[in-house]
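Build out the structure end to end from the sequences listed, making use of the hints.
From first to last, the protein sequence lines stand for chains S and V.
Residues in the first sequence are numbered from 1 upward in steps of one, following my numbering.
Residues in the second sequence are numbered from 1 upward in steps of one, following my numbering.
Hint data in this document are derived by calculation from the structure and do not stem from the laboratory.
Don't take every hint at face value.
What the hints assert, rightly or not - In the DMTMM-like style, the derived pairs of lysine to aspartate or glutamate whose C-alpha atoms are separated by at most 20 Å in a straight line are:
{"#": "1", "chain 1": "S", "residue 1": "Lys158", "chain 2": "V", "residue 2": "Asp2"}
{"#": "2", "chain 1": "V", "residue 1": "Lys14", "chain 2": "V", "residue 2": "Asp31"}
{"#": "3", "chain 1": "V", "residue 1": "Lys14", "chain 2": "S", "residue 2": "Glu135"}
{"#": "4", "chain 1": "S", "residue 1": "Lys56", "chain 2": "V", "residue 2": "Asp31"}
A quick note: this is a predicted structure, and the numbers were derived from the prediction, not measured.
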Amino acid sequence: VLQDLAMSRAEAGEADFDALIGPHLEAGYRTALAILRDPDHAHDAVQESAFKAWRKLHQLREGRPARPWFLAIVANQCRSERRGRWWSVIRVPEVDSVAHEVHTDSIDISRGLANLPREDRLALFLHFYLDLPLEEVGAVLGISAGGAKTRVYRAAKKLRPGLEMD
Amino acid sequence: MDELRSEIRAAFEKEQAGYAPGSALRRNVVDAVTAQPRRESNFQWLAVAAAVLLGILVVAGLMSTRLAQHATVPAAPVASPSASPRETVLPAPTRITVAAADSLIRAAVTGAHPVLLPSAIPASWSAEVTNLSASSFTVTYTSPDGAQTVILAIQVPNPPPPGAQGSQSAPMFHGDTHSLYQVDDKTLATSHRFLIWNEPGTWSEPNGLPGVPYFLTASGLTDSEFWAIANSVK
Chain S
1 VLQDLAMSRA
11 EAGEADFDAL
21 IGPHLEAGYR
31 TALAILRDPD
41 HAHDAVQESA
51 FKAWRKLHQL
61 REGRPARPWF
71 LAIVANQCRS
81 ERRGRWWSVI
91 RVPEVDSVAH
101 EVHTDSIDIS
111 RGLANLPRED
121 RLALFLHFYL
131 DLPLEEVGAV
141 LGISAGGAKT
151 RVYRAAKKLR
161 PGLEMD
Chain V
1 MDELRSEIRA
11 AFEKEQAGYA
21 PGSALRRNVV
31 DAVTAQPRRE
41 SNFQWLAVAA
51 AVLLGILVVA
61 GLMSTRLAQH
71 ATVPAAPVAS
81 PSASPRETVL
91 PAPTRITVAA
101 ADSLIRAAVT
111 GAHPVLLPSA
121 IPASWSAEVT
131 NLSASSFTVT
141 YTSPDGAQTV
151 ILAIQVPNPP
161 PPGAQGSQSA
171 PMFHGDTHSL
181 YQVDDKTLAT
191 SHRFLIWNEP
201 GTWSEPNGLP
211 GVPYFLTASG
221 LTDSEFWAIA
231 NSVK
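So, in structure tokens, the structure goes:
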């Protein structure tokens with residue numbers, strides 16, 4: 001009976017993890033790719049983040065939403081990886097290799113994004129690419145929703161200096 | 001704002017294109033993760049406890065040595081001289097000539113090829129060799145007045161990132177795309193600065209990067225003085 005109980009608990013844990021974190025693994029991978037700009041490192045970061053999430057799954061059951069919680073783990077893992085290999089050259093996807101079919105403004109935006117501070121770039125990625133609401137952007141970045149709004153606006157303004165907030 | 005939103009989204013989409021996660025990402029990650037025990041094994045407390053215990057033992061050992069010496073002070077003079085325990089601790093590195101340091105390093109470091117040393121260090125400077133082994137060394141060159149210092153080492157360094165006044169560049173030193181040149185404070189002409197590069201070659205302690213990891217750092221040197229020394233390594 002005890003063995004069956006242990007088995008059912010293990011299966012429940014796997015099912016819980018798959019149900020809670022599974023839907024956000026792709027978003028985690030894309031976030032890691034946006035930060036690290038290397039698909040292999042992004043895969044590693046997501047895998048390591050998933051291990052951390054698995055070990056700390058009890059934190060999630062305290063009523064926290066899963067997506068920003070997991071993406072925050074991913075972002076922290078990526079920051080750690082970048083600190084650990086700060087001397088290495090980051091490989092940037094060859095956006096310019098298809099520049100002949102890209103509008104000039106797009107090139108400017110791409111270059112502008114590449115030159116933004118890491119946290120500004122992450123804020124724009126989360127809000128404009130992953131469509132996270134500002135509350136969740138703030139949760140990932142470890143700031144308030146108001147702070148996230150300010151960061152997104154300031155980052156956008158760095159790309160378009162004349163930008164006015166809606 | 002909406003137009004910019006579209007442009008930003010398009011830029012990120014272009015950046016992410018071609019790097020889509022595999023269809024099995026979710027299954028693979030979940031399978032790998034759930035195969036692990038969930039309880040986090042945290043042995044950090046054990047490491048901290050061991051470090052504290054070791055520290056206490058070291059302090060106790062040093063204090064007992066000092067107390068033993070104090071206790072012998074009022075005693076009658078010993079007829080024959082005996083060595084103080086403190087004299088038998090680690091010998092201080094000896095300052096030698098630049099040429100002697102070169103010979104010493106080239107003879108000892110056999111696990112790294114090539115072994116590079118600067119030829120532009122003035123002969124009047126002194127040298128101090130530490131961390132000498134078959135695969136690594138650290139040599140510190142000091143000017144006669146002590147105002148200028150140059151350190152060259154085979155090691156994988158982990159210096160801090162630059163501050164607000166600092167600067168970093170990738171000089172492609174010796175063709176190394178990973179090379180990094182950092183000036184800690186570019187408002188000071190003789191600020192502390194360093195150059196890290198991987199010299200093409202072989203190293204008996206591979207660290208995942210090709211070649212031999214060299215670390216050149218200097219204090220009290222201008223940019224041109226630093227590069228004169230950097231460009232003289234051979």
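Please write out, lowest number first, the hints stated earlier that are contradicted by the structure. 2 and 3
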